[in-house]
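Enquirer: Sequence:
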Amino acid sequence: MNQWTYRPFTDPALFYREVWDFLYQEEGINTVALGVIQQLLETPPRYEKYFLAGLYGDGALQGTALMTPPHPFNLYLVDAAGLPAALDFAATIEPPYSVLGAGGIADSFAKAWCQKADATIKDIERQGIYELNQVVAPLSLGGHLRLATDADTRVATDFFYGFCRDVSMPVTQDEAREMADRQIHRQTLFLWQSPEQQHPVGCAAVTRETATGACVSYVYTPQNWRGKGVASNVVAKVCEQLLAGGKKRIFLYTQMHNPTSNKIYQAIGFRKIADSARLRFRYQRFQSDVR
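Letter by letter, the sequence shown follows residues 2 to 292 of my numbering.
Source of the hints: derived by calculation from the structure; they are not laboratory data. Certain hints may be false.
As the list claims (entries may be wrong) - Derived pair list, reagent style EDC-like, types lysine to aspartate or glutamate, alpha-carbon separation capped at 16 Å:
| id | residue 1 | residue 2 |
| --- | --- | --- |
| 1 | 249 | 27 |
| 2 | 229 | 210 |
| 3 | 249 | 132 |
| 4 | 264 | 132 |
| 5 | 117 | 89 |
| 6 | 249 | 197 |
| 7 | 117 | 95 |
| 8 | 248 | 210 |
| 9 | 112 | 126 |
| 10 | 112 | 124 |
| 11 | 50 | 12 |
| 12 | 273 | 27 |
| 13 | 50 | 95 |
| 14 | 229 | 197 |
| 15 | 273 | 132 |
| 16 | 248 | 95 |
| 17 | 112 | 89 |
Predicted, not measured: the structure shown is a model, and the values here were computed from it.
Working from the sequences, and respecting the hints, build out all of it.
Expert: Printed below as a string of structure tokens:
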């Protein structure tokens, strides 16, 4: 019987050296965790507050737990027997606003955490993790893909605000602008320019890049342009560029309650590799909701 323990880390660089190769073996499932680690290594780091731990069974690394409040407690375990170690670590840090994990581990953690912390589950978001290795070209849409520039800040802010509203991730206009500015500065935000319109009609961003993979995120089309193939074309073109640039695997998260988006992405070559879930908590002692 494995003896499970957790080891907290206060230095992101040490955490990177301990867990990166381990997480990279399942890059698609761990794309969020890998992206957070990358951002913690930036100068200056994106997050001022963070909690990091390795989870060990009989001394061997078997999982990770990390949180950058107010973002989810991100949990990965190769063996659910390590759940008590994850719970013990969570009890030593700020109460998690939510938990995110694949393969049912988030559900198991949430059930046990509610008993441990006198909490209830506020809501659940079911997600699909998809992977693409080759693009299936969609029906061509008039227009072209282009990189966003500083001149696009206003429309990009509107797109990010709309995306966050659609996925029930409330942000302010200022926060949406910060998100847009970050992607524009990194040259990772792409827009679809229609010949019929002066302004772009959709967007997608490249995030969480590794040596061989990348994630496509923030896919958004304004309401009056939906159903015309904008999302299919912008994502397909972004993926084509990434693959041509040497990436081997492209990942994307979808909301499972949106069959339209899942169908669109499957049609251009994405295949589902895992289920994921985010469960948000309400703490009885605080009698308050969390983001």
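Enquirer: Against this structure, judge whether each hint is valid.
Expert: Consistency of the hints with the structure:
1. 249 x 27: Between residue 249 and residue 27 the Cα gap is close to 14 Å, so the pair holds against 16 Å.
2. 229 x 210: Between residue 229 and residue 210 the Cα gap is close to 29 Å, so the pair fails against 16 Å, i.e. violated.
3. 249 x 132: Within the cut-off at roughly 10 Å; holds.
4. 264 x 132: Satisfied, since the Cα-Cα distance of roughly 14 Å is no more than 16 Å.
5. 117 x 89: holds, 10 Å
6. 249 x 197: violated, 34 Å
7. 117 x 95: holds, 14 Å
8. 248 x 210: holds, 9 Å
9. 112 x 126: With Cα atoms ~15 Å apart, residue 112 and residue 126 stay inside 16 Å; holds.
10. 112 x 124: holds, 13 Å
11. 50 x 12: The given pair, whose Cα atoms are some 12 Å apart, holds under the 16 Å limit.
12. 273 x 27: Roughly 14 Å separates the two Cα atoms, so the pair holds.
13. 50 x 95: holds, 10 Å
14. 229 x 197: Satisfied, since the Cα-Cα distance of roughly 13 Å is no more than 16 Å.
15. 273 x 132: holds, 6 Å
16. 248 x 95: Answer violated: residue 248 to residue 95 is near 37 Å, above 16 Å.
17. 112 x 89: holds, 14 Å
Consistency note: the structure conflicts with the earlier hints numbered 2, 6, 16.
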